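If you're matching them up, the sequences are chains A and W in order. Note that the UniProt record's numbering has the first sequence beginning at 1, numbered continuously upward. Note that the UniProt record's numbering has the second sequence beginning at 1, numbered continuously upward.
Accuracy of the hints is not assured; some may be wrong.
[Unchecked claim] Here are the computed lysine-lysine pairs in the DSBU-like style, where the Cα-Cα straight-line distance is at most 30 Å:
#1 W:K554 <-> A:K48
#2 A:K234 <-> A:K216
#3 W:K540 <-> A:K58
#4 A:K6 <-> A:K48
#5 W:K554 <-> A:K58
#6 W:K421 <-> W:K3
#7 W:K83 <-> W:K133
Hints were generated in silico from the structure; no laboratory data involved. If you're wondering where the values come from, they're calculated on a predicted model, not measured in any experiment.
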Amino acid sequence: MFKFYKILFLNILFFSTLIVISSYSWLSMWMGLEINLLSILPLMANPKNLYPSEAAMKYFITQTLASLILLFSILLSMNMKEFLPQNSSNMLILIINSSLFLKAGAAPFHAWFPEVIEGLNWENCLLMMTWQKIAPMMILIHNLNMFFYLSWIILISSILSGIYGLNQTSLRKILAYSSINHIAWMLSSMLNFKLIWLLYFNIYVILVFNLIMIFKYFNIYYMNQLNLIFNSNKLLNFLFMANFLSLGGLPPFLGFLPKWLTIMNLTSNQFYSLTLILIISTLITLFFYIRLTFSSFLLMKVESIFKSKIIGNFWFFSFNFISLAGLLTYAMIPNFF
Amino acid sequence: MMKLLYSYFKLFLFFSIFLFIMGLKFMNKNYSMMIEYEVLTLNSSSMMMVILLDWMSLLFMSFVLFISSMVIYYSAEYMAEEKNLIRFILLVILFVLSMMLLIISPNMISILLGWDGLGLVSYCLVIYYQNMKSYNAGMLTALSNRIGDVAILMAIAWMMNFGSWNYIYYLEMMKGDSIMEMISYLIVLAAMTKSAQIPFSSWLPAAMAAPTPVSSLVHSSTLVTAGVYLLIRFNFSLTDNLLYLLLFVASMTMFMSGLAANFEYDLKKIIALSTLSQLGLMMSILALGSYKLTFFHLLVHALFKALLFMCAGNIIHNMMNCQDIRYMGNLMEKMPMTCTFFNICNLSLCGLPFLSGFFSKDLIVEFMSMNYLNIYIYIIMYISIGLTVSYSFRLSYYSLIGDFNFLSLNVVSELSMIMLKGMGGLILFVIFSGSLLEWVMFFEPIFICLPMVMKLMALIMIIMGMFIGYEVAKFKLGYSLKSLKFMTFSLFSSLMWNMPLISTLGVNYYPLFLGKVYTKIFDQGWHEYYGGKNLKLLAKFSQVSQSFSRSHLKIYFLLLILWVVFLLLNI
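Work out the full structure: start from the sequences and follow the hints.
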């Protein structure tokens, strides 16, 4: 059965985010966020499975709470003398930011995020990890004036995501914690120069898309199921490994580019200790990426005779090409003209 | 097989004469020609293959080709019983080709082609006789030269910001720039490895494991002079401090190798050490500021050193591959022609007036005397000249005259006509090239004005050197062994100030020992303790904090609301 309502709600989801991005007033931003929330809930629903409903419920409560706090602080700010919170350095902006962090799932407010992700299938995970981040982060970009608070959020996100992710066996949770780590990077990238955030986000979407495509294709949800990939195909092994390295931000791959830009920008604006802690805590994330891909690092293995079909899709390979060789190509192409 | 050899001989001879005439024309008209081929432009730095033809490169090429053509002709007999003659010839051709590439390129990247080619092919040639000694010598040669390659690579990296690697455009323009200073230090390092200056000297005598024609080619005009030639090209950019450093190192090399040659008994090694000494002389005069004199001596030295090696090769060939000079003696009766050549070369090396070596060496020492420098340079220069004469005469007395010390059953005779012809091709140039080149190159004579004593100083040192060489060569069974009496000194001197030990044992044993210590203490010690072992704490912490994320959504929301309330209270 083809579910037409999903197409409808997906479109509403996209449009609601666009509403948030392009809105001029706080109230329409809030409205966009609400539409966003209400349109993703039907997408999560699956009558054959209990867990998506649970996840949808958790997500609903959390986001409602966040929207509530946001609306509350908007109303409060209207009551106050200075109407525009951008110009004030009071605690109000802190509350607004807290609610947005809650919506985005940055670290001290992250507890709902792995729980929700754990109940969803891969497509919805992709939506949660990528598209759902746009709206709150775009609002955050407009509200950045408490660097101290933001720095703490960044630090806690990066450190906690590493430590929590170390103990997981579920791939969805690992990706969720890595998403939290990337949120930390994205927040730090938007500290000084907004365009880097855009670049970071786009590249992150490509990287996560590649990985989730592999997981979705082989229907893998836990670490022990990874053997399905590892015994089937050497090319896929390599792609899997390289995508994870790219996600971890190792130099020849595309994932390095936004991290590079972020580090450059942070250090040139004297955020030295922040950069240091970010990099070091990302190493822990890199550690569990490598632990996942370790058996595909050991390139010698016995392939099974019954070869599973590779994803022979053109799009799959082109996305993989962007993710793996993107940086090199990007660096080389201008030289040919 | 022989056809290949002779065709290369003819080809090289033709090109040598052609390039010589071209060189004279270019020098006369003051032409230089530059051909650029752009390989690729990357981020506005262009990589090019550049060919520079001026009188210097043309003359040098013609000399290299002439010597190599004679060497190839010579090896038709010397290597006649060789099984893999084609491989040998092709290696020599490759070697000459690399040298050509090095000579004509004024670009760091294209010079690397010739530079690395020289290193690689010299390794192949040194290990040509496949035995353990050759392997060790080859490895020492290759690795010592590798340091220079790395220095050139680093210079390339430093040069990237200039926009291209055509160094000759930047030499004077960027002089004084810190990057250019760094580049020139690296280039001097590279040249010092290639020309076997002091910390890297040990490979040069070791490379004598190569066949003698190769030694003749390598140690006269190609491999070891590559460093000197590079510095001749780079000399405009060298700063004063660097020149002082180079002067010190080069003069020490000159002195050290002259001293070591006086203690050596291996025929080829003596000649190799004398090459080293002459290289030191070239480097010193370069550091004193006259690149033209360096080039002059480079060319002249190439001729007589090539012939010297070829004579030595002929002697060794006739002595059944024995190269210990204590077995020789009275060779002038057995092989008069070879000994004549040998003697002419030796005297030319000593700087006997009106042989070719005289013109360059005399000019060099007088140029040095004219300079305002310290007494150390003055003394060490003259002592080295005396030492050169001393070991040359010692060698002559040992091998050419005296008693015949070889085995009773011998066939030492001069029947090798091809080798003699090959040598005869060079002898005229050994005699005349000095005066010829001086008249051509120094159109305006160098002005020398010295007091009588200083002018005669060279002659005095030569005569003293002759005397010492004569005395050292007296070898009688009844004498008490002086080298045993002064054993530490003689060992120290004959081992080139322990340099072979330092550059083999010193770079192997101590780093390995240190590596063992570090493995034990750090890699399997503290790093393991603070890394692998105690990072387990992190995993433990992760396990403990897992309980925080176990469906405590109620508490989580409560905390959130408390946080908001807390913030609200602070508004």
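We went through each hint and held it up to the structure:
no. : hint              : in the structure
1   : W:K554 <-> A:K48  : 27 Å, holds
2   : A:K234 <-> A:K216 : 18 Å, holds
3   : W:K540 <-> A:K58  : 28 Å, holds
4   : A:K6 <-> A:K48    : 16 Å, holds
5   : W:K554 <-> A:K58  : 11 Å, holds
6   : W:K421 <-> W:K3   : 17 Å, holds
7   : W:K83 <-> W:K133  : 20 Å, holds
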